[in-house]
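Here the protein sequences line up with chains F and V, keeping their order. To convert, take the position in the first sequence, counting from 1, and add 6; that gives this note's numbering. To convert, take the position in the second sequence, counting from 1, and add 21; that gives this note's numbering.
I should point out that these hints are in silico values taken from the structure, not numbers from a laboratory. There could be a bad hint or two in this list.
Said to hold, decoys possible - Using C-beta positions, here's what the derived DEER-type ranges look like: (1) Leu14/F with Ile55/V: 22 to 30 Å; (2) Ala113/V with Val33/F: 17 to 25 Å; (3) Ala113/F with Ile55/V: 20 to 28 Å; (4) Ile55/V with Ile155/F: 32 to 40 Å.
For glycine and all other residues, C-beta sits at the position ideal for the given N, C-alpha and C.
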Amino acid sequence: MSDAWFWLLAAGLCASAVSVVRSRDLVRAVLWLALGLLLTAGLYAYLDAPFLAGVQVLTYVGGVATLMVFGVMVTRRHTSASAEASNDSNAVGVLAALGVFALLATAILKTDLPESSAPTQTTAELGRALLDTYLLAFEAVSLLLLAAIVGAVVIARRRDVETRETRGSAALPSIRVGRTEAD
Amino acid sequence: MTLVQCLLLASALFSVGVYGLITRRQAVAMLLSIELMVNAANLALVAFAKYAGAPTQPLVLFTLAITVAEVAVGLALVMLLYRRYDDTLLDAASETKG
Numbered sequence: 007m008s009d010a011w012f013w014l015l016a017a018g019l020c021a022s023a024v025s026v027v028r029s030r031d032l033v034r035a036v037l038w039l040a041l042g043l044l045l046t047a048g049l050y051a052y053l054d055a056p057f058l059a060g061v062q063v064l065t066y067v068g069g070v071a072t073l074m075v076f077g078v079m080v081t082r083r084h085t086s087a088s089a090e091a092s093n094d095s096n097a098v099g100v101l102a103a104l105g106v107f108a109l110l111a112t113a114i115l116k117t118d119l120p121e122s123s124a125p126t127q128t129t130a131e132l133g134r135a136l137l138d139t140y141l142l143a144f145e146a147v148s149l150l151l152l153a154a155i156v157g158a159v160v161i162a163r164r165r166d167v168e169t170r171e172t173r174g175s176a177a178l179p180s181i182r183v184g185r186t187e188a189d
Numbered sequence: 022m023t024l025v026q027c028l029l030l031a032s033a034l035f036s037v038g039v040y041g042l043i044t045r046r047q048a049v050a051m052l053l054s055i056e057l058m059v060n061a062a063n064l065a066l067v068a069f070a071k072y073a074g075a076p077t078q079p080l081v082l083f084t085l086a087i088t089v090a091e092v093a094v095g096l097a098l099v100m101l102l103y104r105r106y107d108d109t110l111l112d113a114a115s116e117t118k119g
């Protein structure tokens, strides 16, 4: 019974992952990714990690997928599918993916993996570990997140980047640093 | 449902991410492929926590936070790229190629 759940989730996960990289429409790709992340959350719940499953749904499906959809919509005019994935890069991609998979699979199958039935951390233990053993890393990550968000706002809001109209004959378009009164 | 099966599933997902990263040329699509790869790594960590008794679950939380930061900065760069080149194909931004 529980085996069937695993295989169901695994099959759905593989199918949605392939759809993410194959679909030409970016919005569809983002939605496939959201489905894949949701299925991963189900797999976490299956693997005795209920807290991680919840976090996955909240941050990934609720946050990242939404952010991605916004990103696709704000940059509306995308080059059509014809400019994408020529045949030779497709072959290179398949080869590289198969190579990576073969490498990982041989490494996994050749390693003597430990099999222990020790109980996984409960949510209470997880919280205690975060605020005790990993306190420094926890604070560092929160600082990183703050810096990244502020940096993203600064990058996305800058108005002084030359647009393609003003670029014209200039040899090398440059980003002027600092504020200008002109705009 | 052993550790090996979970790890093989994770490596399959990772390989799909590699394929997407190589074949797609749109910046947002490449970000999506990176998301797939990070997700596969997280899956492997959770599988280790379950079947090998390793305390890897806090690591998953850290990778989640770092990925969120990466997506935020990445999308900001995509917007900058779009405003500057009127396109989100990364080939457009090849002028420093020399």
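Hints, one by one, checked against the model:
no. : hint                              : in the structure
1   : Leu14/F with Ile55/V: 22 to 30 Å  : 26 Å, holds
2   : Ala113/V with Val33/F: 17 to 25 Å : 21 Å, holds
3   : Ala113/F with Ile55/V: 20 to 28 Å : 22 Å, holds
4   : Ile55/V with Ile155/F: 32 to 40 Å : 18 Å, violated
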